[in-house]
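Engineer: Could you slot chain B onto chain A? The hints should help.
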Amino acid sequence: MGNLITEAFSMGWMALAILAGLMVYFQMSISDPVAKKRAVFKTFIGIIAAFLTFAAIANYSNNFYGENRLLPMSLVMITVTTFVMALYFTNLSALLRIGGFMFFVAAFLSGYGNWLPQVEGGFPPVEEKKTWDSMTPQQLADEGEKIIFGGVGKNKEQGAIGKGQCPLCHAFHAGMLGERAPNLAGLPGRGKERIEDPKYSKGDPSKRDYEVKEAFPGSGTAENAQEYIAESHACPSCYVVAGYGVKGTNDKQSPMPSIHKPPISLSLPELAAVDTWMYVREGIDAPSFEELVKSYEKFIPEADRPKQADEKPAGATSLMADGSEPVDQIFAKAQCVACHTIPGIPGAMGTIGPKLEEGTTASQRIKDPTYKGTAKSATEYIMESIVDPSAFVVKPFPDNTMPKVFGQKLSAGALKKIVDYLSQVKTGAPPPKI
Amino acid sequence: MGPLTSKRVFSVVALCMMVGLLLLPVVVALPSLANGEEVSAGDAAKKDGEKVEKGRDVYYKTEGIVVGAPAPVTTDGPKDYPRYNFESRVLLWFANQQHLYYGSFVLAVPIFCMIIEFMGVVTKDKALAKRYDQLAYDFIKISLTAYSLTAILGGILIFTFLTLYPAFFSYLSGIFRPVMHIYALMFVAESGTLYIYYYGWDKMREGFLKWIHLSMSVILNIIGTLLMFLANSWIGFMMSPAGVDEQGRYLGNIWHVIHTALWNPLNLHRILGNMAFGGGVVAAYAAYKFLAAKTDEDRAHYDWMGYIAMALGVAFLIPLPFAGYWLMREVYAYRQQMGITLMGGLLAWLFIIQATMIGILFLSTNYYLWQAMGRMRGAEKYQRYIKYLVFLLASGFIVFITPHTMVMTPAELKAMGGQQHPVLGNYGVMSAKNGGINVIITTTVLSFVWYMRGNKVSTVSWAKFGNIFMGVFFFFAYINIIFLAIYGYYIPANVRVGLSVPQVATTLSCLFFMFALNSFMMKGAKQMGAIEWGKISARSQYALIMLATAFTWMMGLMGYIRSSVRLFWHVNEIMRDNSPWAYTHTVGFAANMISFNVLFFWITILFVFWLGSLAAKKVPVEAKAGIPGSVPQPATSH
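Just so you know, the protein sequences line up as chains A and B, in that order.
The first sequence begins at 1 in my numbering and counts up by one.
The second sequence begins at 1 in my numbering and counts up by one.
Chain A extracted, bound-state conformation (with noise of 0.2 Å):
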């Protein structure tokens, strides 16, 4: 309630003014004390009708993704406010009273549409079945660079991101910084010089001091550079480059996901494209597209593999999490969970960016004298930090680390369980319910 007063009077602020300003300029201008009266009361009324429309607009306004069947209320508070205003101002009685009733009626309609059972349909199928066996080097290497950039060409475009996330760690062009993980340019020559690494304990595993000795029990460690590769993407925390492991593990546990398990869920196939852009974009002949997969098979499990992307019933979506899922899932597709601690989020752990307990300093944030940004209010601020991450960078943390595609890859309904769910984490306080 607090913050929809606040809202309104941020957004208002101009006209109530200008209202008040009539209000006085009427009380010593006019001086029939029956007129001046009249007039004075008049505004007054103004001003609260005002008042409550722009209280009504930014309860619409920020309702307007959500589920919240209280929305209509909205409608119904201007509906109010027009009768009142038509009682007071009778030359636009008429007019007034009109529209007031249709903000009724409307209330009426969206409230029963609201009420109804709320279905969402989902996203389409996957396009096409891809013959992958089949493809050049070249096309291979095209899919490749459509799943890990979103599409052909745009491997050197700042935030361009497919359905593999990624650019969300690395970079991928020799000089770009890539503060999460490693720079892959150059990697297919890189792969030799790792196994060769002592720490990587080239054919024996158990001397690995990492968190994970081997993708599975049995698989072994990799014998040339497209085997590592291959690893590396089933179990990155075999092997940790130096720099690159979770905050306070001392590069024993590497913050990187299984790219064959959700979220990411690629399949062999779909890793070997992967893999053959990294050869291909570095004009170096790429293995056979049979010898990739078996790379793969060598640290995938038959039972962990996962379908190829036509026989599933949907998928193929470039959004991360369309909404639908519960808010902890939504963290995890999106990635926050290894950058951020989220308390109530299970393994939200990250440090690479600020623990986000929002529901307490949000509202700080706002008020630092360095904020430059836009919002008004603790959602308005969570919600311009994940689409406008650079709008206010808390420190110590450095600026341009946090992608600037979430406003893009999260849809408005994931969006919004984001910032309700930030918005009452609170420091101290148990974390909300999922």
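One should not assume that every hint holds.
[As the list claims (entries may be wrong)] With a Cα cut of at most 30 Å, we get these calculated BS3-like pairs of lysine-lysine: (1) K154(A) x K192(A); (2) K54(B) x K42(A); (3) K54(B) x K130(A).
[Said to hold, decoys possible] Among the chain A residues that face chain B by a calculated CB cut under 7 Å, a handful are: (4) A94; (5) I98; (6) V105; (7) A106; (8) L109; (9) S110; (10) G113; (11) N114; (12) L116; (13) G151; (14) L319; (15) Y371; (16) N400.
Everything labelled a hint here was simulated from the structure, so no lab data went into it.
Quick reminder that beta carbons are idealized off the backbone N, C-alpha and C, glycines included.
Structural biologist: Okay, now just chain B, sitting in the frame of chain A:
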């Protein structure tokens, strides 16, 4: 041949010539457009010695030479789906809906004008003729301001398409390129005719010129209707594409592209829908003017205007469900899956809302008619029976909107003992619903019959027999409808479906036979008192506003249903929607969005009305003389 007849014949000939001249370019252009590219493309290909590629029409199954590019395979990104920081689909929804509201309004009003002006020309009563003429003039005056807004909104719509869906728009405009300029030219012709029609009103008031003026309204409506048909061909193509092969390549026959499976049902449905909507808007305008009126004369005029607009709107509302039925039948014939998505799948809850809307429309109409009886001397005799009509309507309405399954918490589910209520669940089935809606429509017919004979007493020799016959007819109509509704519970579902035919036939019999019989009985009837126009309650005007708002809302709802049935296709089965918004919103979101569109439309059009009242010219004195209320009105005036 008398002078009047020869004038009429001459005006009809002149009219035909004008229509012919106007349509000549279109008629001449169409065949060449349909074949020209095909031939030229074929020639070009032959000249180059290349193999002519042929494609098979996805709907007509005919072969044609490929002359267009395949439908683009879009990907989510700034190239195909550039965007602001907002859901593009919602922006387009808004732009489209506003353009459609205004477009419908400005297409419907000239049809009203034509009808009313014609009534004015043919009526023998001079005072009444002037009233009709003034009313038609008022109607066109309202639409004129809205006309420019329609054009502006059309521009905004195109810009929205170009900026947010460039790949889709360029594909669609590539397909429809042969007729796009015709569309634009017809828009120019429509504007020109409208301006001459409006500004020439006073100059062409009398005699032969009046007939020419009336003829122009016919031309105006022909152009307007053709414009709408062309616009409909776009949405028809998007829903049920034809004239292209499986890859979406244009095969050179523009008529196939236009004349898709759903084009004609859409055309009919939209004409009727526009008319009902137009009637609602004009009725709301009249209600606004009535409530704002300062003099009895104004109140009388706008009361009458509201009544005529309401009657016209409802006259087109009644056949609308039948046109809807045809459209749905064609949808099922085209793709059964599409029909199931609409009526029994994802969008089925929206049809429950539609049922409620239909109920609201009929309740409002009845309420208005009962209120309107208050301004007739002699109608008191019917008013004491209104409570029984309320009972019938309320019963029918409650049964009609009862859902089969209900929204419940687990605790409620447990308390009720199942998904359906032991008593109420019985009313949720189709058999009961058919009974409910037919009772509602029959009661509305009865209200109209009472209104038409409110202040009159039949003087025909068989009046007593006629009254008894009508009473018995209505009584057995109700019995038949309710009996069939109950009987439906005792027979298998496949037989039950057939019961809707005798139920609807009963309702239509009441509509046509009872209206006709009543008109015969009331010919030369004795008047108990004049209709005191303007002496109607303010509440009745709110009923008109309710009617107008509900029409607008229902139009938004049905448009949304029609559009979202394509699911994740821009062009059904030809061009996929690969934007992040290729899913269907929840019912609640759709309802909020429709409300927003409805309110935006009404706020802007109320503003237009208000602007119109600022610029209102003084009504000529001689026209005012004929305003109802100032002189006793003949019995035939309603």
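Engineer: Give a verdict on every hint.
Structural biologist: Right, here's what the structure says about each hint:
1. K154(A) x K192(A): 28 Å, holds
2. K54(B) x K42(A): 75 Å, violated
3. K54(B) x K130(A): 26 Å, holds
4. A94: 4 Å, holds
5. I98: Status holds, d = 5 Å.
6. V105: Result: holds, 4 Å to nearest chain B Cβ.
7. A106: Holds - the Cβ of A106(A) comes within 7 Å of chain B, reaching about 4 Å at its closest.
8. L109: Where the cut-off is 7 Å and the nearest Cβ of chain B is about 5 Å from L109(A), the hint holds.
9. S110: 4 Å, holds
10. G113: Hint on G113(A): holds, closest Cβ of chain B at ~2 Å, below 7 Å.
11. N114: N114(A) check passes; min Cβ-Cβ to chain B is 4 Å, inside 7 Å.
12. L116: 5 Å, holds
13. G151: Because about 5 Å separates G151(A) from the closest Cβ in chain B, which is inside the 7 Å limit, the hint holds.
14. L319: At 5 Å from the nearest chain B Cβ, L319(A) passes the 7 Å test, so the hint holds.
15. Y371: With a minimum Cβ separation of about 19 Å from chain B (threshold 7 Å), the hint on Y371(A) is violated.
16. N400: Where the cut-off is 7 Å and the nearest Cβ of chain B is about 19 Å from N400(A), the hint is violated.
The earlier numbered hints that this structure contradicts are 2, 15 and 16.
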